[in-house]
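Chain residues, written in single-letter form:
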Amino acid sequence: NAGVTQTPKFQVLKTGQSMTLQCAQDMNHEYMSWYRQDPGMGLRLIHYSVGAGITDQGEVPNGYNVSRSTTEDFPLRLLSAAPSQTSVYFCASSELAGGYEQYFGPGTRLTVT
Amino acid sequence: AQKITQTQPGMFVQEKEAVTLDCTYDTSDPSYGLFWYKQPSSGEMIFLIYQGSYDQQNATEGRYSLNFQKARKSANLVISASQLGDSAMYFCAMRHFNAGNNRKLIWGLGTSLAVNP
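Chains C and H are the protein sequences, given in the same order. Per the numbering used here, residue 96 is the first one in the first sequence, and the count goes up by one each step. Per the numbering used here, residue 548 is the first one in the second sequence, and the count goes up by one each step.
Don't take each hint at face value.
Unchecked claim - Only pairs whose alpha carbons sit at most 20 Å apart, straight line, appear in this in silico EDC-like list of lysine to aspartate or glutamate: (1) H:K550 / C:E196; (2) H:K651 / C:E125; (3) H:K651 / C:E154; (4) C:K104 / H:E591; (5) H:K617 / C:E167.
As the list claims (entries may be wrong) - Pair ranges (Cβ atoms, derived): (6) H:D573 / C:G158: 41 to 49 Å; (7) H:S589 / C:G135: 18 to 26 Å; (8) C:G158 / H:N605: 22 to 30 Å; (9) H:P577 / C:S175: 37 to 45 Å; (10) C:G135 / H:Q561: 22 to 30 Å.
These are calculated hints, taken from the structure and not from any lab test. Beta carbons are placed, not taken as given, at the ideal position from N, Cα and C, and that holds for glycine.
Use the sequences and the hints to build the structure in full.
Listed below in structure tokens is the structure:
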């Protein structure tokens, strides 16, 4: 049981490049989400999904796209990277109903130069 | 507005002593849950404890307990018998359970705890 996996762990991009951060979970969780964590800012929700084919925006969605074609996978796409997107990105998943904890991936540290 | 406030940016505690990390929240929704997570310097987010808004008793998990005061809208984390490995950032978060709030987690800015030997 791998839990939530994220790849890559580290990435350096040049301004304007695009890339996809991968996230997968093997717990059959309906709810998946992407956060970014910046110093002094806590965790901010980028996008989330309540099931395959259903996604919605969080607090800071600009510059990011998501899709959810399967229950297991929830990739985050950076369309045209900007230095302001330098951050640590966490993917998380949980059961949809009730007070279940969110399980987090190990994070991806992204630097945009 | 839905909000989590952690007023202590940094805390120090002596090893083996107890420490309380403060968390207050703001919501008008009667159905919600409160979570505490630990983030050590290695970066991973570790779930510690959960309290539901309708739970009658305060949650406990080993050395962690949650001092839930619903009328005051506070959900403080108490760590008993602190250990050096407790040095980390601690985040309080709230989740609403009605579909209108889409079950998103709302996060505080965290408290950095340092345990002194």
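We went through each hint and held it up to the structure:
no.	hint	result
1	H:K550 / C:E196	holds, 19 Å
2	H:K651 / C:E125	holds, 13 Å
3	H:K651 / C:E154	holds, 10 Å
4	C:K104 / H:E591	holds, 12 Å
5	H:K617 / C:E167	violated, 36 Å
6	H:D573 / C:G158: 41 to 49 Å	violated, 29 Å
7	H:S589 / C:G135: 18 to 26 Å	holds, 19 Å
8	C:G158 / H:N605: 22 to 30 Å	violated, 41 Å
9	H:P577 / C:S175: 37 to 45 Å	holds, 43 Å
10	C:G135 / H:Q561: 22 to 30 Å	holds, 27 Å
Hints 5, 6, 8, counting from the list given before, are not met by this structure.
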